[in-house]
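> Position 1, counted from 1, in the sequence shown is what our numbering calls 1; the numbers after and before it change by one each time, with no gaps.
Since the hints were derived computationally from the structure, they do not count as laboratory data.
Everything numeric in this text was worked out from a predicted model, so none of it was measured.
Some clues are possibly wrong.
Label-pair restraints from in silico Cβ distances [as the list claims (entries may be wrong)]:
(1) 34 with 57: 30 to 40 Å
(2) 81 with 46: 45 to 55 Å
(3) 29 with 50: 28 to 38 Å
(4) 63 with 28: 47 to 57 Å
Positions of the beta carbon are idealized from the N, C-alpha and C atoms, including for glycine.
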Amino acid sequence: MRDSDAGFWNRVPASSESEGKGQAAEESDLLRIERKIDRIQCFLNDNYRELEESLKKQKSYFNALEIMFYILLGISLAQFIFLMIR
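Sequences are here, hints too, so could you generate the full structure?
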């Protein structure tokens, strides 16, 4: 947490004479926090999208490897049967 953030969380309630200034500062702090939340949400959405694309790629690679495995297994079984018949 930065020092500027610490001021917001540790703030003492404003006195009645400086209430107008306190409200404006509080609103600006809230806007700043909302902007930070929006940036974090965008960051997380981008990361989720990247992970989803990566997962789709890996799934297609896995499917290709699975097909190659079964082809090689079939060839091996055919060779074994051919050798047993001979």
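> Work down the list of hints and note, for each, if the structure agrees.
Evaluation of the provided hints:
1. Look at residue 34 against residue 57: about 35 Å separates their beta carbons, and that is inside 30 to 40 Å.
2. For the pair residue 81 and residue 46, the supplied restraint of 45 to 55 Å holds, since their beta-carbon distance comes to about 53 Å.
3. Distance hint for residue 29 and residue 50: a CB-CB separation of about 32 Å, consistent with the stated range 28 to 38 Å.
4. Separated by about 53 Å at the C-beta atoms, residue 63 and residue 28 satisfy the suggested range of 47 to 57 Å.
Of the numbered hints stated above, none is contradicted by the structure.
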